[in-house]
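Each residue of the sequence shown is one higher than the one before, counting from 1052 in our numbering.
It cannot be assumed that every hint is accurate.
Said to hold, decoys possible - Below, a list of computed lysine to aspartate or glutamate pairs in the EDC-like style, where the Cα atoms sit at most 20 angstroms apart:
{"no.": "1", "residue 1": "Lys1309", "residue 2": "Glu1277"}
{"no.": "2", "residue 1": "Lys1287", "residue 2": "Asp1245"}
{"no.": "3", "residue 1": "Lys1309", "residue 2": "Glu1269"}
{"no.": "4", "residue 1": "Lys1287", "residue 2": "Glu1277"}
{"no.": "5", "residue 1": "Lys1309", "residue 2": "Glu1273"}
{"no.": "6", "residue 1": "Lys1309", "residue 2": "Glu1270"}
{"no.": "7", "residue 1": "Lys1287", "residue 2": "Glu1246"}
{"no.": "8", "residue 1": "Lys1287", "residue 2": "Asp1116"}
{"no.": "9", "residue 1": "Lys1287", "residue 2": "Asp1250"}
{"no.": "10", "residue 1": "Lys1287", "residue 2": "Glu1301"}
To be verified - Label-pair restraints from in silico Cβ distances:
{"no.": "11", "residue 1": "Ser1264", "residue 2": "Asp1194", "range": "39 to 45 angstroms"}
{"no.": "12", "residue 1": "Leu1203", "residue 2": "Asn1159", "range": "21 to 27 angstroms"}
{"no.": "13", "residue 1": "Pro1302", "residue 2": "Tyr1156", "range": "37 to 43 angstroms"}
{"no.": "14", "residue 1": "Gly1167", "residue 2": "Leu1103", "range": "19 to 25 angstroms"}
{"no.": "15", "residue 1": "Ala1257", "residue 2": "Gln1310", "range": "22 to 28 angstroms"}
{"no.": "16", "residue 1": "Ala1291", "residue 2": "Ala1206", "range": "48 to 54 angstroms"}
{"no.": "17", "residue 1": "Glu1183", "residue 2": "Gln1268", "range": "34 to 40 angstroms"}
{"no.": "18", "residue 1": "Glu1128", "residue 2": "Asp1179", "range": "29 to 35 angstroms"}
{"no.": "19", "residue 1": "Gly1167", "residue 2": "Leu1259", "range": "21 to 27 angstroms"}
{"no.": "20", "residue 1": "Asp1194", "residue 2": "Gln1310", "range": "27 to 33 angstroms"}
Calculated directly from the structure, the hints in this document are not laboratory data. All C-beta atoms in this analysis are idealised placements derived from N, C-alpha and C, irrespective of residue type, glycine included.
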Amino acid sequence: MHFCYMKDTLSRDATVRQDVAMPDQRTNPPQREIRPEFAPYLGLLDFLGALLGPRTEIVLHDVSDLSRSIIAVVNGEMSGRSVGGPATDLVLKILQNREYLERDYLTNYLAQGQSGGYFRSSTYFIRDERGEVIGMLCLNVDDGPLHEARKLLEALTQTTGLLKSTGLAPDARSEPSADEGPHEVAERLTLSVDELTHDSVARTVARLRVEGSRMTQEEKLEAVSELDAAGIFLMKGSVAHAAHALHVSEPTIYRYLKQLRTRGVPARS
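All chains, full assembly: derive it from the sequences and hints.
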């Protein structure tokens, strides 16, 4: 079990600087202080890591600075993330859509790491005394060995018919086969702010099936609307990525956002 957090950084000062220049987070993640509200969760992470073992990554986010929200992580080598890493696309969407007003946690959704591996993930919302979310506790379980064992079991079943004859074979009607591939990915565990914003913008443009340079103004507005609903513009640097992908200036992106607000365009979920 590998437990990483900022030692000797607990502070009574709840103010976190928002204007720190962002270095390359893959090689040199920017560090930050752990606010007192999160100190009790460090022991919980240690406990969960010992309980759940090396195939479960446990991440503690402080959402007061989304560009470096990870303040503690256990088994971060599973996704390659570390202290000082950014929030995920799902964290941004939850904050933008205020989904936390309707529930206290999300469980058993599919997440994908930058290396392509899949995780069964769950997130618990950490709140302040007013009920506003100040952080998130996330668990990412690597079920890969379980899926491999299941595929082997199914292969043995098909080859020998032994389990089928004894009634112990898995019911294909009740559970999807491992060969059917993963369900829709709800979260991507990106390693840096640049990766997060670039990937989000690229996926949005790809869904519209039109290159940014060939989009009409309405198509560009639609792309900006989708990105806004996903919470991407909560992240510093995202406007520049969107402007580059859509072949417009940064002021144009801000103008589109203002135009969407004026129209009262509802957020897409």
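Tested hints:
{"no.": "1", "hint": "Lys1309 / Glu1277", "verdict": "holds (14 angstroms)"}
{"no.": "2", "hint": "Lys1287 / Asp1245", "verdict": "holds (10 angstroms)"}
{"no.": "3", "hint": "Lys1309 / Glu1269", "verdict": "holds (14 angstroms)"}
{"no.": "4", "hint": "Lys1287 / Glu1277", "verdict": "holds (17 angstroms)"}
{"no.": "5", "hint": "Lys1309 / Glu1273", "verdict": "holds (13 angstroms)"}
{"no.": "6", "hint": "Lys1309 / Glu1270", "verdict": "holds (16 angstroms)"}
{"no.": "7", "hint": "Lys1287 / Glu1246", "verdict": "holds (12 angstroms)"}
{"no.": "8", "hint": "Lys1287 / Asp1116", "verdict": "holds (10 angstroms)"}
{"no.": "9", "hint": "Lys1287 / Asp1250", "verdict": "holds (15 angstroms)"}
{"no.": "10", "hint": "Lys1287 / Glu1301", "verdict": "holds (13 angstroms)"}
{"no.": "11", "hint": "Ser1264 / Asp1194: 39 to 45 angstroms", "verdict": "holds (41 angstroms)"}
{"no.": "12", "hint": "Leu1203 / Asn1159: 21 to 27 angstroms", "verdict": "holds (23 angstroms)"}
{"no.": "13", "hint": "Pro1302 / Tyr1156: 37 to 43 angstroms", "verdict": "holds (39 angstroms)"}
{"no.": "14", "hint": "Gly1167 / Leu1103: 19 to 25 angstroms", "verdict": "holds (23 angstroms)"}
{"no.": "15", "hint": "Ala1257 / Gln1310: 22 to 28 angstroms", "verdict": "holds (23 angstroms)"}
{"no.": "16", "hint": "Ala1291 / Ala1206: 48 to 54 angstroms", "verdict": "holds (50 angstroms)"}
{"no.": "17", "hint": "Glu1183 / Gln1268: 34 to 40 angstroms", "verdict": "holds (36 angstroms)"}
{"no.": "18", "hint": "Glu1128 / Asp1179: 29 to 35 angstroms", "verdict": "holds (31 angstroms)"}
{"no.": "19", "hint": "Gly1167 / Leu1259: 21 to 27 angstroms", "verdict": "holds (24 angstroms)"}
{"no.": "20", "hint": "Asp1194 / Gln1310: 27 to 33 angstroms", "verdict": "violated (44 angstroms)"}
Hint 20 alone, counting from the list given before, is not met by this structure.
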